[in-house]
Amino acid sequence: MTEGRFVEVVRSGVLSTVQDLGRPGHAHLGVPRSGALDLPAHLLANRLVGNPPGAATIETTVTGVAVRVDQAGTVAVTGAWAPVTVDGRPASWSAPVSVPAGAHVEVAAAQRGLRSYLAFDGGIAVPPVLGSRSTDLLSGLGPAPLAVGDRLPLGEVPGPPAPVDVAPTGALAEELTLRVLLGPRADWFTDDAVRVLAADCYRVSTLSNRIGVRLDGPALPRRIDGELRSEGVVLGAVQVPAAGSPVIFLADHPTMGGYPVIGVLHPDDLPQVAQAAPGKPVRFRVVEPRWRRG
Numbered sequence: 000m001t002e003g004r005f006v007e008v009v010r011s012g013v014l015s016t017v018q019d020l021g022r023p024g025h026a027h028l029g030v031p032r033s034g035a036l037d038l039p040a041h042l043l044a045n046r047l048v049g050n051p052p053g054a055a056t057i058e059t060t061v062t063g064v065a066v067r068v069d070q071a072g073t074v075a076v077t078g079a080w081a082p083v084t085v086d087g088r089p090a091s092w093s094a095p096v097s098v099p100a101g102a103h104v105e106v107a108a109a110q111r112g113l114r115s116y117l118a119f120d121g122g123i124a125v126p127p128v129l130g131s132r133s134t135d136l137l138s139g140l141g142p143a144p145l146a147v148g149d150r151l152p153l154g155e156v157p158g159p160p161a162p163v164d165v166a167p168t169g170a171l172a173e174e175l176t177l178r179v180l181l182g183p184r185a186d187w188f189t190d191d192a193v194r195v196l197a198a199d200c201y202r203v204s205t206l207s208n209r210i211g212v213r214l215d216g217p218a219l220p221r222r223i224d225g226e227l228r229s230e231g232v233v234l235g236a237v238q239v240p241a242a243g244s245p246v247i248f249l250a251d252h253p254t255m256g257g258y259p260v261i262g263v264l265h266p267d268d269l270p271q272v273a274q275a276a277p278g279k280p281v282r283f284r285v286v287e288p289r290w291r292r293g
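In case it helps, numbering that gives the first Met the number 0 puts the sequence shown at residues 0 to 293.
Rather than coming from a laboratory, the hints here were simulated on the basis of the structure. Some hints here could point you the wrong way.
Pairwise CB distance ranges, derived in the manner of DEER restraints [what the hints assert, rightly or not]:
1. Asp191 with Pro159: 30 to 38 angstroms
2. Ser91 with Glu287: 39 to 47 angstroms
3. Gly148 with Leu227: 32 to 40 angstroms
4. Glu287 with Pro159: 21 to 29 angstroms
5. Gly29 with His265: 39 to 47 angstroms
6. Glu226 with Gly29: 34 to 42 angstroms
7. Gln110 with Glu287: 18 to 26 angstroms
8. Ala276 with Ala242: 20 to 28 angstroms
9. Arg194 with Glu174: 17 to 25 angstroms
We put the beta carbon where it would ideally sit given N, CA and C, even for glycine.
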């Protein structure tokens, strides 16, 4: 790590956290995967500043973040589109941006999407916990959510930034259509529940976070009303609590759950869920298990 190289948090926003690729492989210890919710956006931000994929970035939520960089370097902002400024002057989004020493870098409130990713050349070099620098809201592992005055050390610059002016990114759909593979507890629900899941529209609830996205909409009636013994749950699981409306588990989800899981999302659809703001319409499309990954 370069001596003394750091960024200081000037405005932390509603929720800004340090995230990398997470800490997979520890579910048997009760440790969630964690990591960047919009993985493609995190990876792109790192590529733009010349970092390896596993370098840590800042993940913002809704209201953005502002930092001061102590030394000259390169930054990039991806994910949810938001105005970016350097010392009050407009700067490019989804592009490598050179900043001078002492610069004030601000990511304003997201105007399309929910979560933005701010990368610095060298990556954020806070001490890793179980191999990851990610903040985990459920277990409390990793650094705490950012607060004004926090100083985050940066690592050594691994290489030059990407030779591009702007990197193209996909547009966010007005309505999400999420592919879901039924199981492992689809048999706990009536045939009508599966029909409702596949035909009706839900909306993202305000009661959503990095642990899971709650959906407002029609309840899914159960065939079995008894209690389910707690069992392992995975990223993208669509769990149905007693009230009947589904919850989509995200990166900080618990490793065990006692409510039945009616299905699991296609992994490629999870970044869309990460960018779904409250009120976003959501529909499910039941698919065959051809996409299952070993």
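Against the structure, the hints:
1. Asp191 with Pro159: 30 to 38 angstroms: violated, 58 angstroms
2. Ser91 with Glu287: 39 to 47 angstroms: holds, 42 angstroms
3. Gly148 with Leu227: 32 to 40 angstroms: Distance hint for glycine 148, leucine 227 is violated at roughly 45 angstroms.
4. Glu287 with Pro159: 21 to 29 angstroms: Distance hint for glutamate 287, proline 159 is violated at roughly 45 angstroms.
5. Gly29 with His265: 39 to 47 angstroms: violated, 26 angstroms
6. Glu226 with Gly29: 34 to 42 angstroms: violated, 21 angstroms
7. Gln110 with Glu287: 18 to 26 angstroms: Once the Cβ atoms are compared, 37 angstroms apart, the range 18 to 26 angstroms for glutamate 287 and glutamine 110 is violated.
8. Ala276 with Ala242: 20 to 28 angstroms: For alanine 276 and alanine 242 the Cβ distance comes to about 22 angstroms; the hint holds.
9. Arg194 with Glu174: 17 to 25 angstroms: holds, 19 angstroms
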